[in-house]
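Enquirer: Take a look at the letters that make up each chain.
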Amino acid sequence: MLFNSQEFLLVFLPLTLMLYFAFAGKETLRIWVLISASLFFYAYWDLRFLPLLVVSVMLNWLCSQLHSSYPHRSILVAGVALNLLIIGFFKYTNFIIGNVAATAGGGFAPWNIILPLGISFFTFQQISYLVDLKRGAAPVYPFHKYLLYVTFFPQLIAGPIVRHDEIIGQYGFDPMREGVYERLSKGFVLLFIGLFKKMILADTVAKTASFLFNDAATGNTLSFYGAWVAAAAYTLQIYYDFSGYSDMAIGLGSMFGLSIPINFNAPYLAVSIRDFWRRWHITLSRFLRDYLYIPMGGSWFGMPRQITAVMITMLLGGLWHGAGWTFVIWGGLHGLALVVNHIWEKTGVSLPKPFGWVLTLIFVMFGWVIFRADSMGTAVSIIRTMVGMNGVSFDLPDIMPPVRIFYFALPAFIGPTSQRLVEHWLRPRPIYAAVVACALFYLALKAGDGDYSEFIYFQF
Amino acid sequence: MGITVNSSISNSDVSWKRFASILISSFIGLFVAGYAFILIVDPYGMLPISFDFDRGPITAEQRYFYPGLAKKSQFDSAIIGSSTVRLLNPDDLNPLLGSKFVNLAMNAASVFEQEAIFDVFLRYHPHPKTVIFGVDHVYFEKNNYTKFIGAVKPEHFPEWMYDENPLNDWLPYNWRTMQITLKQFKIITGMRPFKYRVDGYEDFTKTMFTHDIDHIREIIYGSKTPQQKKPLEPPVQATPELIKSFEFPAVRHLDRMLSQLPESTLKIVIIPPFHIYHQATPGSEDAVKWKEFKHRVANLVCRYQNALLLDFMIESPITTRDENYFDQTHYTVAVAKEISHWIAQEAVSEADNPNFNRYCNRLTASFKR
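Protein chains in written order, with my numbering: chain A, 1 to 460; chain W, 1001 to 1369.
Chain W with its partners taken away, still in its complex shape:
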């Protein structure tokens, strides 16, 4: 049989009573103290009532710590998008645009997630100076307009951190939260340096691999030898029926975000540069579709004051050099710097640069006075 009890020793009963009392009371004490610790530290800085500690990002899970960054008053500008604008560095953009950027672009972010983090940013910064939107294939693909895309699952996205309901802002009480709280506690007390930058920027390429051109070409072309795409002959005709059949449901959400911004906010929409080999084949239906997509986004952006649409998804010195990429759609840190330069060139510089059109198409009216 299982448990047996020696009932003849009454002293033993007293000892076991003490044992049970210590066990149960210690457990309850630890349990209460543990949650109090989490609430006081508030590791993500997202609780309705929270001490004003100097918190830092303590995890690589962007979806958990970006809402806390989006709240910070030290920023007046934001970058919204997916991984295709994640390498835009606030350190590059801040001096060029005279803003204080936080990069809130998240890997594999759906439009729903982009809108959610935008809403948090706007809630705490009703008059942002500049907002840069990366409008890429996530907006283009009709099938991508789902709540989450790729490997992202609902449990990866803490919706309660993004909504306006303070009643659901209770942190889950588990070991993961406790570990993150301990890390945040160490950061707050100076026992641990900040591992991640507080402006959301992270060079996620540095730990990926060595920039070996053969390896890059394997990824881009499927072989070490560069390939060229042949235009489709005869080209697909852009008939009104075909054009009408294209649907870009996610673009409505870009419209909603732009409409939330005050007129004074500089709104920069960029179409990030994919490698030329992974852009639509000239003459294909996809090429017609991309053209129409850009046209519709341009029409939309045109309706807003202080808004600019810059298209980097063209054949350019950026997109034709294999060295500029580490896969089909993600460019290097050096290219990100270049893109920042061209954004500033078009948005704030008074002088024209004759090379601009080689790198980028401005699809909306110029600001240049």
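Only chain A is shown next, with the shape it has when bound in the complex:
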């Protein structure tokens, strides 16, 4: 079920909210309402995915139970290994065998392995919990609370990646406590903002991006102008798509009285690549930092070790996005940029902020070209064109005029972030409520047109 579908907006969400608040005073019951709704939400795509999710949760929880009775680190190490094996099998089997076969000079027909939705997200959440247990930084939770932690539908499929200690404690809070209407209202407003970003902004620029990237994938060389428009369109698409999803997830959490961490903070205003990763997919950056970069030594053991840690972290971060060399190279390039950024900072010379901003944005755009392209061949072709190696031509097929892309870019560059809008600008005025209701009504009807697309991050 997609957030931007009528089934979700008009049936699933109202019913779940009503049931949840009907049992608001009974903690266990309301938690089970959310669990049932979440499992239904997950199974709605494909019932075959459900057993894997449930079994994965049960095994991880059993690990935590076993560890509390027999506190030996091998139990948790085995648990983490099991999680890695599961994600490795579903996500990377074909990639690994294909590459081994290619290196050995043989062929390989990929196995028909269906990638369960959200596996990268729910596996990471569970690994973080087991690692925290090993560090002695996590309690053992009752099963129903742990189950809800992993399966809570707003963030199950595409995050934000929530840490156990920032959400499970909230399950005990009465949803009817003071501020219930404020949370509900802000939740609806965030849901509207997320839907708007996805359905109006992301899906519109996606047409331009898809047209040009598909054209390049067929072997055609884009014009200089076309290549830049493709890069710009996809830069906007992925931001509106993913941050829109995150806004909806945070908004939905708020409706249920639960606070979910933010995932984006105006990333295209970043003035350095380090700054970018503090603003883009914040919960993933945080996960990579706490569970990969710091355990590898972080910045405590000198520059060579730090560079190694950064590179490994970013290469794995790239691979996390998908089993393909384009993702690995994208991660590697960001790793290199972070290394350069670190070294530059050591020199004590600071770039003027506008210059840093332009440099960062251009680097990020080149990165998205690699990320989006179907192969490195296509990516290289577009990048060669972008740097003028295929001549400078301003031909553009009959697609969205660049001036419209400029307008679509404005919210990302000068607009406030969704959180700022809701937290600081939104006032409980009736006129705002009426406007949001009208806008939600329009988007709910538009969701029924059937031409919506899935979220980009569902594939990861």
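Worth flagging that the hints you see were computed from the coordinates, not collected in a lab.
Just so you know, nobody snuck in bad clues.
Derived DSSO-like pairs (lysine-lysine); straight-line CA-CA distance at most 30 Å:
no.	chain 1	residue 1	chain 2	residue 2
1	A	K446	W	K1147
2	W	K1017	A	K446
3	W	K1183	A	K207
4	W	K1195	A	K446
5	W	K1244	W	K1230
6	W	K1224	W	K1206
7	W	K1337	W	K1072
8	W	K1337	W	K1100
9	W	K1294	W	K1337
10	W	K1291	W	K1229
11	W	K1071	W	K1100
12	W	K1337	W	K1224
13	A	K207	W	K1153
14	W	K1244	W	K1294
15	A	K446	W	K1186
16	A	K26	W	K1017
17	W	K1183	W	K1206
18	W	K1291	W	K1244
19	W	K1229	W	K1244
20	W	K1183	A	K446
21	W	K1071	W	K1153
22	W	K1071	W	K1195
23	W	K1153	A	K446
From the derived model, a few chain W residues whose C-beta atoms are all more than 12 Å from chain A:
no.	residue
24	I1243
25	E1338
26	H1341
All C-beta atoms in this analysis are idealised placements derived from N, C-alpha and C, irrespective of residue type, glycine included.
We have chain A; now place chain W onto it with these hints.
Expert: Then chain W, alone, in the frame of chain A:
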């Protein structure tokens, strides 16, 4: 963290309660009112209980608005087929045949879709005066006998509008329906003129391109120079085995449609004229197959009273002139007028026209008394 709440201001809670109440109640109110509006306007005129407004076609999506036209009592005759008979103009045919035609031919219509719209028409007009069927390659190709052909997908065809089940006649509640309802509302209230004709006719060639003969020849021959097809030597023999191997499963459905019509209905089946260069090559297996196809359709049509089969798929002054076409299978508006003339000539005119056989083969017995 995500949303934070300032819990120290109780006045704020009252304001947010009002905000949430207005937001939710406005949404529910709009939602209910919006669907009520759609049900009252009934943009396609297809709901089981519907106000008798003077609705017009409000979209170019034929599959959505033709069922509403097929219901209209102002018509007593219909044209059923695909794009190859879409240009037959009721304004030409009505005076010639003394009927009130609605043209229900749809672009890229499969036989299934043609039968579906025919059924709707017949449900509301059990005794039609005249029905013209365009029997073209859609009937001829065995592989074409699928529910939908070409680029048409199931979602393009609202089956619920065509069936007899009133329980599924609930319009989808989405923005597209709302926009169409708004347009229909404007038409009903006179705020917007009718854009499409209510008899289903649409000259779809007028917006396609300028009628440039070089361009047409490029489409027909693949070059600006006209080509000629050479008969195949030696010609394929029409052996009984070969003839037996031909299957035209769609023809059964023509039979079913003809059998539903009363004897009094004038039934005109026409095989529309393709450009000669795209008709079967003389001497080829395809030519044998087309001949057999026409033979079987003729045998079928012969079994019905008041039924006529006119074959325009021959070498004729129509099919040999490039100017008469805008692609291999679609003729111009002027040719459509000519075809209407020849249909009337054979169906109702008492006098013979010596030129008739140059344009058309009558494959069934004549009506002429």
